[in-house]
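**Q** Read off the chains here:
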Amino acid sequence: NAGVTQTPKFQVLKTGQSMTLQCAQDMNHEYMSWYRQDPGMGLRLIHYSVGAGITDQGEVPNGYNVSRSTTEDFPLRLLSAAPSQTSVYFCASSFRNSDLTDTQYFGPGTRLTVL
Amino acid sequence: DQQVKQNSPSLSVQEGRISILNCDYTNSMFDYFLWYKKYPAEGPTFLISISSIKDKNEDGRFTVFLNKSAKHLSLHIVPSQPGDSAVYFCAASELYNYGQNFVFGPGTRLSVLP
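In the order they appear, the protein sequences are chains A and B.
For the first sequence, my numbering puts the final residue at 115, and the numbers step up evenly by one.
For the second sequence, my numbering puts the final residue at 1114, and the numbers step up evenly by one.
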């Protein structure tokens, strides 16, 4: 299993450009999510999905779109990049254990700089 | 306002000694807590968890303690090893909430000195 993969690892954008951060998992997990990590802020939830065709907003959704057409893929789209979106982005997938707790697996991250 | 706080941005400990990382939370609905470890240029990896029906959970060198009345948890690493040097995130959620949207603290950078 490759686990959770993210591409690209690094990206530099100019203000106003759009791009898609890719995330894929091969563990057949229903739940996937996107976080951003900023200094002193921990990881903050952007969007999440509880299954194919179902997405919802997290704590900081503005400026981002997601879709979930398959169980495996959960891309994150930046519609019009802003310097405030400079961050490290992590994708995660999780499964529900028999005791109803979740075990979450993270991808290696994408470091995005918006100039 | 941060619902999960880790008030120590960094901690240095001598190899072989105990490392104690602290975490405080404000939301009384949280009933499931986790610790993640993160190395540079990698994603966080799950370390250990505890639900609110327990006050202690052990896994090898790692023990998590939960004090619900104080809304405080701590991670003890004994003995500390240089490979434990990483950033540690505390996270919390409401159990049985499908999808369990975890709320993360800002992290504590642990340095274990040889």
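A few of these clues could be false.
[Unchecked claim] With the C-beta cut set under 8 Å, the calculated list includes, among others, these residues of chain B facing chain A:
no.	residue
1	D1031
2	Y1039
3	P1040
4	G1043
5	F1046
6	S1049
7	S1051
8	G1060
9	F1062
10	T1063
11	F1065
12	F1102
13	G1105
14	G1107
Hints are computed from structural coordinates only; laboratory data are not their basis.
Just so you know, even glycine gets a beta-carbon here, dropped at the ideal spot from N, CA and C.
**Q** Against each hint, give a clear statement of whether it holds in the structure.
**A** Now for the hints, and whether the structure bears them out:
{"no.": "1", "hint": "D1031", "in the structure": "violated, 10 Å"}
{"no.": "2", "hint": "Y1039", "in the structure": "violated, 10 Å"}
{"no.": "3", "hint": "P1040", "in the structure": "violated, 10 Å"}
{"no.": "4", "hint": "G1043", "in the structure": "holds, 3 Å"}
{"no.": "5", "hint": "F1046", "in the structure": "holds, 6 Å"}
{"no.": "6", "hint": "S1049", "in the structure": "holds, 7 Å"}
{"no.": "7", "hint": "S1051", "in the structure": "holds, 7 Å"}
{"no.": "8", "hint": "G1060", "in the structure": "violated, 17 Å"}
{"no.": "9", "hint": "F1062", "in the structure": "violated, 16 Å"}
{"no.": "10", "hint": "T1063", "in the structure": "violated, 18 Å"}
{"no.": "11", "hint": "F1065", "in the structure": "violated, 18 Å"}
{"no.": "12", "hint": "F1102", "in the structure": "holds, 7 Å"}
{"no.": "13", "hint": "G1105", "in the structure": "holds, 5 Å"}
{"no.": "14", "hint": "G1107", "in the structure": "holds, 6 Å"}
Hint compliance for this structure: hints 1, 2, 3, 8, 9, 10 and 11 are not met, and every other hint is.
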